[in-house]
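There are 2 protein chains.
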Amino acid sequence: MSAQEITVPAPADFHVHLRQGKMSELVTPHVAEGGVSLAYVMPNLVPPITSTQQATEYLESLRALAPKTKFVGTLYLSPALTPAEIAKAAKNGVRGVKSYPRGVTTNSDSGIEDYETYYPIFEEMQKQDMILNLHGEVPSNADAGICVLNAEEKFLTHLFKIHRQFPKLKIVLEHATTRKAVEAVKQCGDTVGCTITPHHLELIVDDWAGKPLNFCKPVAKYPDDRQALRDVVREGHPRFFLGSDSAPHPLANKYPSAVTHGAPGTKASASGSDDLEPTGVVSCGCAAGVYTSSILVPLCATLLEGFGALDKLSNYVSINGRKFYGYDDEEEVSQGSIKLRRVDNGSSSSSTSAATVPAVYVHPEFREVPDSDGSKVQVVPFWAGKRLGWEIVRS
Amino acid sequence: MSAQEITVPAPADFHVHLRQGKMSELVTPHVAEGGVSLAYVMPNLVPPITSTQQATEYLESLRALAPKTKFVGTLYLSPALTPAEIAKAAKNGVRGVKSYPRGVTTNSDSGIEDYETYYPIFEEMQKQDMILNLHGEVPSNADAGICVLNAEEKFLTHLFKIHRQFPKLKIVLEHATTRKAVEAVKQCGDTVGCTITPHHLELIVDDWAGKPLNFCKPVAKYPDDRQALRDVVREGHPRFFLGSDSAPHPLANKYPSAVTHGAPGTKASASGSDDLEPTGVVSCGCAAGVYTSSILVPLCATLLEGFGALDKLSNYVSINGRKFYGYDDEEEVSQGSIKLRRVDNGSSSSSTSAATVPAVYVHPEFREVPDSDGSKVQVVPFWAGKRLGWEIVRS
Numbered sequence: 019m020s021a022q023e024i025t026v027p028a029p030a031d032f033h034v035h036l037r038q039g040k041m042s043e044l045v046t047p048h049v050a051e052g053g054v055s056l057a058y059v060m061p062n063l064v065p066p067i068t069s070t071q072q073a074t075e076y077l078e079s080l081r082a083l084a085p086k087t088k089f090v091g092t093l094y095l096s097p098a099l100t101p102a103e104i105a106k107a108a109k110n111g112v113r114g115v116k117s118y119p120r121g122v123t124t125n126s127d128s129g130i131e132d133y134e135t136y137y138p139i140f141e142e143m144q145k146q147d148m149i150l151n152l153h154g155e156v157p158s159n160a161d162a163g164i165c166v167l168n169a170e171e172k173f174l175t176h177l178f179k180i181h182r183q184f185p186k187l188k189i190v191l192e193h194a195t196t197r198k199a200v201e202a203v204k205q206c207g208d209t210v211g212c213t214i215t216p217h218h219l220e221l222i223v224d225d226w227a228g229k230p231l232n233f234c235k236p237v238a239k240y241p242d243d244r245q246a247l248r249d250v251v252r253e254g255h256p257r258f259f260l261g262s263d264s265a266p267h268p269l270a271n272k273y274p275s276a277v278t279h280g281a282p283g284t285k286a287s288a289s290g291s292d293d294l295e296p297t298g299v300v301s302c303g304c305a306a307g308v309y310t311s312s313i314l315v316p317l318c319a320t321l322l323e324g325f326g327a328l329d330k331l332s333n334y335v336s337i338n339g340r341k342f343y344g345y346d347d348e349e350e351v352s353q354g355s356i357k358l359r360r361v362d363n364g365s366s367s368s369s370t371s372a373a374t375v376p377a378v379y380v381h382p383e384f385r386e387v388p389d390s391d392g393s394k395v396q397v398v399p400f401w402a403g404k405r406l407g408w409e410i411v412r413s
Numbered sequence: 019m020s021a022q023e024i025t026v027p028a029p030a031d032f033h034v035h036l037r038q039g040k041m042s043e044l045v046t047p048h049v050a051e052g053g054v055s056l057a058y059v060m061p062n063l064v065p066p067i068t069s070t071q072q073a074t075e076y077l078e079s080l081r082a083l084a085p086k087t088k089f090v091g092t093l094y095l096s097p098a099l100t101p102a103e104i105a106k107a108a109k110n111g112v113r114g115v116k117s118y119p120r121g122v123t124t125n126s127d128s129g130i131e132d133y134e135t136y137y138p139i140f141e142e143m144q145k146q147d148m149i150l151n152l153h154g155e156v157p158s159n160a161d162a163g164i165c166v167l168n169a170e171e172k173f174l175t176h177l178f179k180i181h182r183q184f185p186k187l188k189i190v191l192e193h194a195t196t197r198k199a200v201e202a203v204k205q206c207g208d209t210v211g212c213t214i215t216p217h218h219l220e221l222i223v224d225d226w227a228g229k230p231l232n233f234c235k236p237v238a239k240y241p242d243d244r245q246a247l248r249d250v251v252r253e254g255h256p257r258f259f260l261g262s263d264s265a266p267h268p269l270a271n272k273y274p275s276a277v278t279h280g281a282p283g284t285k286a287s288a289s290g291s292d293d294l295e296p297t298g299v300v301s302c303g304c305a306a307g308v309y310t311s312s313i314l315v316p317l318c319a320t321l322l323e324g325f326g327a328l329d330k331l332s333n334y335v336s337i338n339g340r341k342f343y344g345y346d347d348e349e350e351v352s353q354g355s356i357k358l359r360r361v362d363n364g365s366s367s368s369s370t371s372a373a374t375v376p377a378v379y380v381h382p383e384f385r386e387v388p389d390s391d392g393s394k395v396q397v398v399p400f401w402a403g404k405r406l407g408w409e410i411v412r413s
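Heads up: the sequence lines are chains A and B, in that order.
Sequence positions in the first sequence follow this note's numbering and run 19 to 413.
Sequence positions in the second sequence follow this note's numbering and run 19 to 413.
Each hint should be verified, as a subset may be incorrect.
[As the list claims (entries may be wrong)] In the DSSO-like style, the derived pairs of lysine-lysine whose C-alpha atoms are separated by at most 30 Å in a straight line are: (1) K198(A) to K106(A); (2) K198(B) to K198(A); (3) K198(A) to K109(A); (4) K109(A) to K179(A); (5) K40(B) to K235(A); (6) K235(A) to K235(B); (7) K330(B) to K198(B); (8) K86(B) to K40(B); (9) K88(A) to K40(A); (10) K198(A) to K235(B); (11) K106(B) to K86(B); (12) K198(A) to K186(A).
For the record, the hints were derived by calculation from the structure and aren't laboratory data.
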């Protein structure tokens with residue numbers, strides 16, 4: 019495909035983390051910068067968003083930071099949630115409820131029992147046409163042969179069971195990373211959708227092995243799994259769509275160092291075994307998450323063109339997700355449409371600078387703070403320093 | 019097993035990296051500190067050791083640093099090597115030749131052709147009773163479905179083919195990490211052995227995901243793979259033995275940070291795409307390698323006891339490897355024998371301090387150098403800050 023310009027109907031990101039405080043101030047405006055006009059915001063804050071009131075207040079804070087972006091809220095699935103709260107949330111525009119692995123398996127190896135305790139919630143969600151967003155992984159359990167590589171596959175039985183029990187409940191399997199997950203969603207009915215992140219369309223396990231910038235959960239898997247994700251996007255399957263799972267982490271957490279964390283053992287030897295994990299490994303891990311909000315639509319265009327799916331860009335970043343969620347109002351979609359221009363990656367320095375992913379984003383208040391200060395609010399984006407094949411035409 | 023003391027016949031480490039320069043000064047004496055009296059030293063220096071003369075000079079430099087340790091040398095398999103040089107090396111006590119993936123597959127997807135070009139070398143090695151040490155991984159190749167998770171399995175056909183071609187050539191499959199590799203070695207004849215590292219007896223993929231301290235090549239795999247390694251050690255199979263693959267890296271390379279590396283993207287944006295890898299990922303990776311030399315035998319005892327194989331400790335760390343390599347001279351073995359004492363991991367601070375793995379080892383000349391200086395020669399060991407269950411009784 020050799021088009022020089024593409025018009026994309028109002029892109030929507032159906033899975034994004036916008037944080038709180040200074041980090042939220044830095045990244046929330048990036049949603050629009052990345053070409054997205056509708057952001058479906060995850061509730062895993064501290065504390066998590068478990069009530070309509072919290073959700074309403076949080077969305078207000080986001081709108082104050084980016085008035086032109088449409089923010090849609092979610093609740094964190096927890097025992098505190100009640101059918102009455104679900105009904106209230108629905109009336110107040112909260113669109114979905116997110117289930118995290120932790121919630122799946124409290125006091126349980128399989129998690130099934132725990133999902134059953136949530137059936138009254140799902141019943142009310144189905145009635146209110148709310149979306150159930152599933153982080154589709156079971157917790158690792160070496161004794162049971164479960165690790166980060168098969169945690170998603172092991173979860174799929176839960177997806178099938180909930181779907182059978184609530185065939186009219188709209189469910190989204192979030193950030194699928196495996197062929198088995200893609201096949202499972204395809205097998206389900208029209209009420210089951212699936213988000214695919216751009217970074218999982220690009221990475222395999224080799225790309226995050228020893229490379230914190232690309233480390234995220236679920237982890238990128240085998241080449242064949244990546245192929246399955248690319249194929250279903252190229253196929254334009256209507257129930258697979260963009261959810262970036264863009265997750266900003268301060269650079270100091272992404273690249274822990276002797277300076278910001280102390281040599282791993284130093285902590286341990288200083289405070290005894292408290293710093294030791296069950297396996298006995300010293301805690302000095304890199305935060306899991308890839309940040310793509312600020313470059314999202316140009317990145318998606320570049321990646322899809324790379325595997326011959328540029329003609330499905332609008333389906334992936336806008337049409338499929340909006341239709342599944344019911345945000346396909348014609349006027350809204352046309353108002354948010356954007357135009358992309360192919361970047362001349364020859365030596366034209368102007369277009370180069372425009373399409374080169376920034377090395378790092380720093381909150382204005384922290385510009386003068388040295389990098390060695392772990393509290394510095396700065397985020398390194400995915401593909402930092404690399405050139406994108408497409409850029410947004412700003413009017 | 020509730021023994022309070024164990025005597026272990028002269029432990030031998032049949033796969034260790036002792037580096038050069040200041041790093042070698044720091045780690046070479048650690049071999050004896052870890053309880054090991056014979057160190058089979060890898061040749062991947064800069065430049066690699068490809069001649070008898072280089073090997074001889076290198077071993078001399080190591081003996082100067084640790085006169086009581088027996089160092090055995092190897093050559094790096096490369097096109098420069100000749101049958102004549104093999105004969106010369108054998109006469110001068112060089113015991114083996116190490117093949118690295120790079121050497122396996124130059125200008126080749128499968129590597130088979132390249133091994134055949136080395137058949138004259140293998141022929142002479144067989145005649146000289148030299149050992150062929152194989153790093154058993156083929157290079158990752160996403161298009162062919164090969165990644166770090168199946169690179170070892172894909173290599174096994176090469177092991178079988180070389181063994182068929184040279185049934186009398188002693189071959190060691192190094193640092194096995196998978197059940198398939200263990201089964202492959204078992205299927206081979208008595209001339210094929212296999213080293214297993216202590217860290218692969220402990221780690222699975224979850225333990226290095228986002229944790230640079232535990233990241234090494236080959237990467238730790240699934241729980242079932244770890245089980246296979248533990249089982250073959252517990253079985254006391256005579257052709258499986260200790261090769262630590264202890265590989266020291268400066269902390270700054272193990273935990274890259276904004277300070278020592280600059281924000282990843284900064285490098286890229288400063289120097290264009292030179293810092294970008296084929297996948298487009300910014301180069302800011304963590305060095306692959308786990309450092310265990312300084313705590314080796316106590317670590318092995320602690321781990322083996324953890325999975326019920328303490329009674330096979332001598333087979334794993336001494337008897338099996340020495341017999342396979344022919345270093346089982348009774349006098350040498352008895353002279354190097356050591357005694358281990360169980361550590362009271364109650365509150366006895368004395369034994370605690372003795373058995374707590376140091377947070378970091380720093381070369382004396384760098385004690386005053388700040389951690390933020392990337393050139394600082396300091397190494398964080400495996401299990402830093404954690405307590406070992408056994409300690410060496412020093413006489």
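Tested hints:
Annotation: proposed proximity of K198(A) to K106(A) is violated, straight-line Cα distance about 36 Å (limit 30 Å). Restraint check: the Cα-Cα separation between K198(B) and K198(A) comes to about 23 Å, which is no more than 30 Å; the hinted pair holds. At roughly 36 Å between alpha-carbon atoms, K198(A) and K109(A) are farther apart than 30 Å, so this suggested pair is violated. Taken as a hint, the K109(A) and K179(A) pair is honoured in the structure, with Cα atoms around 28 Å apart against an allowance of 30 Å.
For the hint linking K40(B) to K235(A), the alpha-carbon distance of about 38 Å lies beyond 30 Å, and the restraint is violated. In summary, the hint linking K235(A) to K235(B) is supported, as the alpha carbons are separated by about 21 Å, within the 30 Å threshold. The hinted pair formed by K330(B) and K198(B) meets the criterion: a straight-line CA distance of about 22 Å does not exceed 30 Å. A C-alpha spacing of about 20 Å is found between K86(B) and K40(B), which places the hinted pair at or below 30 Å, so the restraint holds.
This hinted pair checks out: K88(A) and K40(A) have alpha carbons roughly 20 Å apart, not beyond 30 Å. Under the criterion of a C-alpha separation no larger than 30 Å, the hint pairing K198(A) with K235(B) is consistent with the structure, at around 27 Å. Using a Cα cut-off of 30 Å, the hinted pair K106(B) and K86(B) holds, with the two alpha carbons roughly 26 Å apart. Distance hint between K198(A) and K186(A) is fulfilled; the C-alpha atoms sit about 23 Å from each other, no more than 30 Å.
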